[in-house]
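Number of protein chains: 2
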Amino acid sequence: DGQVPVEDLHDPFENDPRRDKRLHVHTSRPCNAETPTEGLGAFVTPNDIFYVRNHMWVPSTSESDHKIVVELPDGEEKEYSLKDLKDNFESTTVTATLQCSGNRRKNMTRESRSTKGLQWNVGGISTSEWTGVRLRDVLADAGFPVDEYPDEVRHAQFMGAEAYGASIPIDKAVDRRGDVLLAYEMNGKPLPPDHGYPLRVLVPGTVAARSVKWVNRIVLSEDESSSEWQQRDYKCFGPNVGGNPDWSTAPAIQEIPVQSAITSLRDLSPHSQADRQYLRLHGLEEDSVAVEGYSFSGGGRRIVRVDVSADNGRTWHQAELLSDKGKGAKAWAWTRWRWVVPRQQAGRWFVVKAVDEAYNTQPSDYDSNYNFRGHLTSSWHRVGYRPPDV
Amino acid sequence: DGQVPVEDLHDPFENDPRRDKRLHVHTSRPCNAETPTEGLGAFVTPNDIFYVRNHMWVPSTSESDHKIVVELPDGEEKEYSLKDLKDNFESTTVTATLQCSGNRRKNMTRESRSTKGLQWNVGGISTSEWTGVRLRDVLADAGFPVDEYPDEVRHAQFMGAEAYGASIPIDKAVDRRGDVLLAYEMNGKPLPPDHGYPLRVLVPGTVAARSVKWVNRIVLSEDESSSEWQQRDYKCFGPNVGGNPDWSTAPAIQEIPVQSAITSLRDLSPHSQADRQYLRLHGLEEDSVAVEGYSFSGGGRRIVRVDVSADNGRTWHQAELLSDKGKGAKAWAWTRWRWVVPRQQAGRWFVVKAVDEAYNTQPSDYDSNYNFRGHLTSSWHRVGYRPPDV
Ligand SMILES: [Mo]
Ligand SMILES: [Mo]
Numbered sequence: 005d006g007q008v009p010v011e012d013l014h015d016p017f018e019n020d021p022r023r024d025k026r027l028h029v030h031t032s033r034p035c036n037a038e039t040p041t042e043g044l045g046a047f048v049t050p051n052d053i054f055y056v057r058n059h060m061w062v063p064s065t066s067e068s069d070h071k072i073v074v075e076l077p078d079g080e081e082k083e084y085s086l087k088d089l090k091d092n093f094e095s096t097t098v099t100a101t102l103q104c105s106g107n108r109r110k111n112m113t114r115e116s117r118s119t120k121g122l123q124w125n126v127g128g129i130s131t132s133e134w135t136g137v138r139l140r141d142v143l144a145d146a147g148f149p150v151d152e153y154p155d156e157v158r159h160a161q162f163m164g165a166e167a168y169g170a171s172i173p174i175d176k177a178v179d180r181r182g183d184v185l186l187a188y189e190m191n192g193k194p195l196p197p198d199h200g201y202p203l204r205v206l207v208p209g210t211v212a213a214r215s216v217k218w219v220n221r222i223v224l225s226e227d228e229s230s231s232e233w234q235q236r237d238y239k240c241f242g243p244n245v246g247g248n249p250d251w252s253t254a255p256a257i258q259e260i261p262v263q264s265a266i267t268s269l270r271d272l273s274p275h276s277q278a279d280r281q282y283l284r285l286h287g288l289e290e291d292s293v294a295v296e297g298y299s300f301s302g303g304g305r306r307i308v309r310v311d312v313s314a315d316n317g318r319t320w321h322q323a324e325l326l327s328d329k330g331k332g333a334k335a336w337a338w339t340r341w342r343w344v345v346p347r348q349q350a351g352r353w354f355v356v357k358a359v360d361e362a363y364n365t366q367p368s369d370y371d372s373n374y375n376f377r378g379h380l381t382s383s384w385h386r387v388g389y390r391p392p393d394v
Numbered sequence: 005d006g007q008v009p010v011e012d013l014h015d016p017f018e019n020d021p022r023r024d025k026r027l028h029v030h031t032s033r034p035c036n037a038e039t040p041t042e043g044l045g046a047f048v049t050p051n052d053i054f055y056v057r058n059h060m061w062v063p064s065t066s067e068s069d070h071k072i073v074v075e076l077p078d079g080e081e082k083e084y085s086l087k088d089l090k091d092n093f094e095s096t097t098v099t100a101t102l103q104c105s106g107n108r109r110k111n112m113t114r115e116s117r118s119t120k121g122l123q124w125n126v127g128g129i130s131t132s133e134w135t136g137v138r139l140r141d142v143l144a145d146a147g148f149p150v151d152e153y154p155d156e157v158r159h160a161q162f163m164g165a166e167a168y169g170a171s172i173p174i175d176k177a178v179d180r181r182g183d184v185l186l187a188y189e190m191n192g193k194p195l196p197p198d199h200g201y202p203l204r205v206l207v208p209g210t211v212a213a214r215s216v217k218w219v220n221r222i223v224l225s226e227d228e229s230s231s232e233w234q235q236r237d238y239k240c241f242g243p244n245v246g247g248n249p250d251w252s253t254a255p256a257i258q259e260i261p262v263q264s265a266i267t268s269l270r271d272l273s274p275h276s277q278a279d280r281q282y283l284r285l286h287g288l289e290e291d292s293v294a295v296e297g298y299s300f301s302g303g304g305r306r307i308v309r310v311d312v313s314a315d316n317g318r319t320w321h322q323a324e325l326l327s328d329k330g331k332g333a334k335a336w337a338w339t340r341w342r343w344v345v346p347r348q349q350a351g352r353w354f355v356v357k358a359v360d361e362a363y364n365t366q367p368s369d370y371d372s373n374y375n376f377r378g379h380l381t382s383s384w385h386r387v388g389y390r391p392p393d394v
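As you go down the protein sequences, you meet chains A and B in turn.
Every number in this note's numbering is 4 more than the matching position in the first sequence, counting from 1.
Every number in this note's numbering is 4 more than the matching position in the second sequence, counting from 1.
Honestly, the hints are just simulated from the structure, not real lab data.
One thing to keep in mind: the hints can contain errors.
Which copy is meant is left open, so a pair is good if it fits within one copy or across any two.
Claimed, not checked - With a cut-off of at most 16 Å between alpha-carbon atoms, the simulated EDC-like pairs for lysine to aspartate or glutamate come out as follows:
#, residue 1, residue 2
1, K82, D141
2, K90, E18
3, K334, D155
4, K334, D279
5, K334, D179
6, K82, E67
7, K90, E67
Only a predicted model underlies this, so the values are computations on that prediction, with no experimental measurement involved.
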């Protein structure tokens, strides 16, 4: 799993770039690598440590050669070069978090039982400022009636140059407030090769597997993508369902549920000058523990509360939510939070859970939310704590 | 709480209607009454047993006298009679479930601790086919640019003839796929007095408290409604927060989280002819238990899976989802489900939890999701079972 058979002498991975050494690599062919802790502490992740989740190789394509074809429901096609997109459509920037559906799978394996897939810890998630043109505008230009389309057009399928494919519901594709982009920049720079250079789809609030990289074809259809990543694989089943399910009985993952992780636990001592200042900001003078992390919910649903516990969920407090401002019509980016608690109150386990604006919550236990593929692990994140040897 | 002081000789409740005897009455002045089990088993609730949640009296108003005023951000007003609405706008029918934010509060009190508010069991929820005109169309007619409105217009406030008020985000109010109505019919009949005759707002996927009844004024504003039901009261806090919170720190409830309840547990015996037939449909020949209930999620998010357990959550099965078809752009109505399990597998507690299309789940425990007002109780619903004396 994760390895693609290489069946001829030509190495399809020959175009893969060198990667930053700080990434935590799960597999290199295809590349699957986590954002390190330092990247999880920033609101916007630096491009070179944005997590990488490739299903195959990085295809060879360039800004001057790349074309994208839009196929309308009646079969008519319209082709755009990168230059066409940049010259003829208004550019937009959206701050959006992408999360791999396998993020925190390792937590599910540890707290429940074996899961099938790469064992991502909490770094299968990153945030970027994406710049591109609105898919809605391009579809309208191609002749699709974006506000009054017929009922039988139900999905927008995306094909990548390497062979990956996926789809999203048409109403998300054309939603004025959906902020779906054909993106060519991350944080003001051209997309890095690993992230879809020269063009990718960006579907905010939706599992990253639908933000197809190296996109060169869009098909508006009655049907979802026929790819295995749409029809199988990226789906969740009940805790009782084994490894050979009827895949058609579960929906393909699109919007994702409310999620949180602790990314840092740090001892603070009043004997350190730097710590003393930070402690004072929080009204404390004693040995303490600083806790930081992220919370995020799909569908543009804002995080409204983060509950943290220093005693494995017996008692709760509210973390301070950082006021980072993202761009876009909805809350497409994660919320960073922090909490400082006197060490005297710190038990063996720190725990976090969040609430989104629809008052959706995270489940406490892993067993009753287990799914054999370990997708969308979002039970309470629990991190062990040991006081420093004094 | 629940009682309104009557300070003069005129009885404001004199216009309150007689109610169906089958409703489970919590308070009568104002009327708060639950739908009985028979109403929870139908996809569409009969009008006379739709749950009643009145904050005050039923105002005296008639179809011929009733007017509604739309106040635009610049202060300009436009008035419509019922006849204007019916004559000049296309009518639409939407199948939508409304749920009181206090539904299942009694469960939270029992499983965690004391909560402030009426102790609704599982019947503070009902479903209807609502007919009316689109709020979007009326606002457009009144001169509001529904697709390109300025950023500073953020809320649509609604005022009821009795004095109640609430608001919803403007993007929900004008969303083409939001199905917000000015409704004048329930299940093909004029609204009953308890449900807003002659006109109410219907906000599908949103807590019922925003579907203002007897509506006579709409104000488009930068601000939410200033009513206590918007600014206080209908908000949730952390499990650690007591009865005197800083209300401004929590958002007013709008979309609601995924929810489920068991509405019926019934013993089936192969010695009864009727039961035998039902058992056979489920491939069973032995003494069994039939379980039925509803699941629902806010925001039009479809229910994709219902997990049921006959042993207090130790092992899980998937319930059969009934294929009722509602009208409207999204899944605004509840999903009915059923399950039949051999009595031999039935333990002391039956449990249900559901998953919506964003793969949001219900929390298992009540303590860590406790809020002192007992709003939006959605932890696993647990019902005791006793086998019949044989
Ligand atoms: Mo993924
Ligand atoms: Mo309510």
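* Given identical chains, is K82 near E67, meaning Cα to Cα at most 16 Å, within a copy, between copies, both, or neither? -> Neither, since 18 Å and 53 Å both go past 16 Å.
* **Intra- versus inter-subunit Cα pairing at 16 Å for K82 with D141** => For K82 and D141, only the intra-copy Cα distance (13 Å) is at most 16 Å; the inter-copy one is 34 Å.
* State whether the alpha carbon distance between K334 and D179 is at most 16 Å within one copy, between copies, both, or neither. => Both, since 12 Å and 14 Å are each at most 16 Å.
* Go through the copies and call it for K334 and D279: within, between, both or neither, with a Cα cutoff of 16 Å. => Answer is neither; intra-copy 36 Å and inter-copy 51 Å both fail.
* Check K90 against E67 for me: Cα-Cα at most 16 Å, and say if that holds within a copy, between copies, both or neither. => Result: close within a single copy only, 11 Å intra versus 55 Å inter.
* State whether the alpha carbon distance between K90 and E18 is at most 16 Å within one copy, between copies, both, or neither. => Neither. Shortest intra-copy (29 Å) and inter-copy (67 Å) distances fail the 16 Å Cα cut-off.
* Status of D155 relative to K334 across identical chains (alpha carbons, at most 16 Å) -> between (26 Å within a copy, 13 Å between copies)
Hints 2, 4 and 6 from the earlier list are contradicted by this structure; the remaining hints agree with it.
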